[in-house]
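Colleague: Sequence:
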Amino acid sequence: MDYSLLERNFNKRGYNVHIFKTKEEAVSFIEKEVENENVGFGASITLQELNLAEILQKKNNLIWHWNVPGKKTLELARFTDVYFSSANAVSMEGDIVNIDGTGNRISMLAYGPKKAYIIIGKNKIVPTLEDAIERARNVAAPLNARRLNKKTPCVKTGKCEDCNSSERICRGILIITHLLTGMKYEIIFIDEDLGY
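Going by this note's numbering, the first residue of the sequence shown is number 38, and it counts up by one from there.
One or more hints might be untrue.
[To be verified] Calculated pairs, DSS-like style, for lysine-lysine (alpha carbon to alpha carbon, straight line, at most 27 Å): (1) K60 - K95; (2) K152 - K187; (3) K58 - K95; (4) K49 - K187; (5) K60 - K188; (6) K151 - K96; (7) K49 - K60; (8) K69 - K95; (9) K196 - K159; (10) K159 - K69; (11) K193 - K60; (12) K151 - K69; (13) K221 - K69; (14) K96 - K58; (15) K221 - K152; (16) K49 - K151; (17) K96 - K49; (18) K221 - K49; (19) K49 - K159; (20) K159 - K60; (21) K69 - K152; (22) K58 - K221; (23) K221 - K196.
[Claimed, not checked] Computed beta-carbon distance windows for the label pairs: (24) K193 - N98: 40 to 48 Å; (25) F66 - D230: 35 to 43 Å; (26) K96 - R208: 28 to 36 Å.
For the record, the hints were derived by calculation from the structure and aren't laboratory data.
Note that the structure is predicted; figures quoted are calculated from it, not measured.
Note that the Cβ used here is the ideal one computed from N, Cα and C, for glycine as well.
Given these sequences and hints, build the entire structure.
Modeller: Written out as structure tokens, the structure is:
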């Protein structure tokens, strides 16, 4: 993985980039960066694998967590100063792709907190935007649907069937091509496979 090229491309698009060899190094960095904040977390296997919510609640006010029921998360989102998420995929060119079922995660990344940390394992890095969309739809979404025990065609086939199921989890897609005006993103790359 050419992390120097990845960093240059994301920097050119306005992001702050941090690269770590291990998840432990990344968590140590985040612990030092985030203190005395109102912190929120989007639903993410990557964040669960890092145990971030449990670690950060020691020095922060954890006000929004993926375990909070649907509509309640939207109410709590207004009070989040720092938001943590992952991405379904990113391109080497500097694009960030997320698919969402309720819209809470993509809305927070588009217009929400003072700062968002997007944490990405090497398995989610692909060459182009087209590859990132493909990965989000045909790798991440079916795995998440399976994890959530959804009765959707993608659970059986392992790829998006563009279904109309009431249990469909891919209802909105956010493609961030450049730093959004007024937002501050800390992009954290970890040289390990993390999440879906």
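Colleague: Each hint needs a verdict: does it hold in this structure or not?
Modeller: Here's how the hints hold up against the structure:
| no. | hint | result |
| --- | --- | --- |
| 1 | K60 - K95 | holds (19 Å) |
| 2 | K152 - K187 | violated (32 Å) |
| 3 | K58 - K95 | holds (25 Å) |
| 4 | K49 - K187 | violated (39 Å) |
| 5 | K60 - K188 | violated (33 Å) |
| 6 | K151 - K96 | holds (18 Å) |
| 7 | K49 - K60 | holds (25 Å) |
| 8 | K69 - K95 | holds (12 Å) |
| 9 | K196 - K159 | holds (21 Å) |
| 10 | K159 - K69 | holds (23 Å) |
| 11 | K193 - K60 | violated (32 Å) |
| 12 | K151 - K69 | holds (17 Å) |
| 13 | K221 - K69 | holds (18 Å) |
| 14 | K96 - K58 | holds (25 Å) |
| 15 | K221 - K152 | holds (5 Å) |
| 16 | K49 - K151 | holds (21 Å) |
| 17 | K96 - K49 | violated (33 Å) |
| 18 | K221 - K49 | holds (14 Å) |
| 19 | K49 - K159 | holds (20 Å) |
| 20 | K159 - K60 | holds (11 Å) |
| 21 | K69 - K152 | holds (15 Å) |
| 22 | K58 - K221 | holds (23 Å) |
| 23 | K221 - K196 | violated (33 Å) |
| 24 | K193 - N98: 40 to 48 Å | holds (42 Å) |
| 25 | F66 - D230: 35 to 43 Å | violated (19 Å) |
| 26 | K96 - R208: 28 to 36 Å | holds (35 Å) |
Checked against the numbered hints listed earlier, the structure breaks hints 2, 4, 5, 11, 17, 23 and 25; every other hint is satisfied.
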